[in-house]
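In the working numbering, the protein residues as written are 17 to 484.
Treat the hints loosely; a few may be bogus.
Unchecked claim - Listed next, the in silico DSBU-like pairs over lysine-lysine satisfying Cα-Cα at most 35 Å (straight line):
hint	residue 1	residue 2
1	Lys153	Lys365
2	Lys365	Lys162
3	Lys242	Lys232
4	Lys99	Lys242
5	Lys153	Lys99
6	Lys344	Lys99
7	Lys99	Lys118
8	Lys99	Lys113
9	Lys344	Lys113
10	Lys396	Lys153
11	Lys118	Lys344
It is worth saying that the hints were derived from the structure and are not from the lab.
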Amino acid sequence: MARPARFSSVSALPGAALLLLTFGFPLPPAASAMEAVDFHQAVARTLMNNAFVSAAGEEAVAARRDADVARGYLLPSVRFDEKFARTNVPGEAFALKMNQEKLLASDFLDVRNFNRPPPRNDFVATLSVEQPLFAPKAYIGYGMAKTEAAAKGLDLFRRKEEAVYRVLASVLDVVTARQFVEVAGQGLSDAREHLRIAENLEAAGMGLASDVLRAKVAVASAEGAKVTAENRLELARRGLALAMGEPGAPPVDVIGPPPEFPDPGRTGESETGALGRADLRASSLRVANAVRYVRFRQSGYLPDVGLAAAYQVDAEDSPFSPDNRSWKVGVGLTWNLFDGLRREAELGKAATELRRARAYHRGMRDQAAFEEAQADLGVKEATIRGEIARAALASAEEGVRLLSSRYENRLGRMVDLLDAQTALDGARAARIRAENDVRLSRAQRLYATGGLLSFAVPSEENGKEKIR
């Protein structure tokens, strides 16, 4: 039905006003233009901005610093002390006077010099050095700290893989949503074409009014489907920004073709499969650390031997006018013979921790094997469904073409044509979804076997233990 002229003129007023404002007051460049990235740019931004990757990186750096701290217990410690004391305590006053080499023979003539000495000052400067000679706990602890630092590096690698997998899924979601918008547009165009044919036939007296109404309902439904697809595309773009770690998650679009991943059946892969994953390697290192922890607790039965040396300067008047210089060197042994059975309890706890680490590692291996098998089946299923979807789309397109021709020649019914159009729209969406599932299933298999990050970022292929 044609719209009355008065509505057309009224609706044109805002457009004319907008045109006048545009030429009269040029608008500044759009500062909020949507940003677009390709897959590799999205991955690079994710590894740089993702909060969870950054947190894992800081944990890896902290673990390496812990290893540096543990190594420090094996190196000599050097300390300088400067103290001032003033006292008239008899024993301390006598000792200070003797340390300053100011003890005289006349001091022994009167016992009051010992019982009631005058207050005495002393500036003491000491330079001391300690070096462990035999420290089993320090040696074992340093090895454990290095191993944990390596495990944290592998945790970081796996965290990067997780982030890449999430951003990959988001990229594919944006690509798929955009294709759904295109399919919805095609469906709307086809529905309008069916409406045009029905109206022409009705105007020529060869069609039914009910066919026109059905066609109008189909157009309205197609318009609603297009709005839904556009909203999904907007949400997918914001989900991509969130996966990339963009502040505020503004919508980010995808440019370039969707990423293509190798077919697992055509690529030579490592025989270890999922067993070479970074998280499994980290778990294996922690099992080794649990073994070392048992040895760490057993070392509590051994003594500690160390070397100590000190150089001391005593002065009465000021630290810059020394009265005496002295030194000492010695070797010490510390052996804890009985501590209330605490060592036995700690050793039992360490053995329990070892069993827990082994059980956890075994569970992770089983889970990884299951995920690899699940990913293999997913690739096979997605590949077959992709072939079926392409064949179904070809059949649906041919069906709509035939029924449209039959209806236009008054040999078919509108209801049959609309049913065929609905099937065509579903086949188009199914083909897009199937193609996305094939890509996602192959990427999921790479993720399940620990090869996704090496594929997306080739420089990381041999850097699983690199921290940053």
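Against the structure, the hints:
{"no.": "1", "hint": "Lys153 / Lys365", "result": "17 Å, holds"}
{"no.": "2", "hint": "Lys365 / Lys162", "result": "22 Å, holds"}
{"no.": "3", "hint": "Lys242 / Lys232", "result": "15 Å, holds"}
{"no.": "4", "hint": "Lys99 / Lys242", "result": "82 Å, violated"}
{"no.": "5", "hint": "Lys153 / Lys99", "result": "33 Å, holds"}
{"no.": "6", "hint": "Lys344 / Lys99", "result": "18 Å, holds"}
{"no.": "7", "hint": "Lys99 / Lys118", "result": "19 Å, holds"}
{"no.": "8", "hint": "Lys99 / Lys113", "result": "16 Å, holds"}
{"no.": "9", "hint": "Lys344 / Lys113", "result": "19 Å, holds"}
{"no.": "10", "hint": "Lys396 / Lys153", "result": "53 Å, violated"}
{"no.": "11", "hint": "Lys118 / Lys344", "result": "20 Å, holds"}
In terms of the numbered hints stated before, the structure departs from hints 4, 10, listed from lowest to highest.
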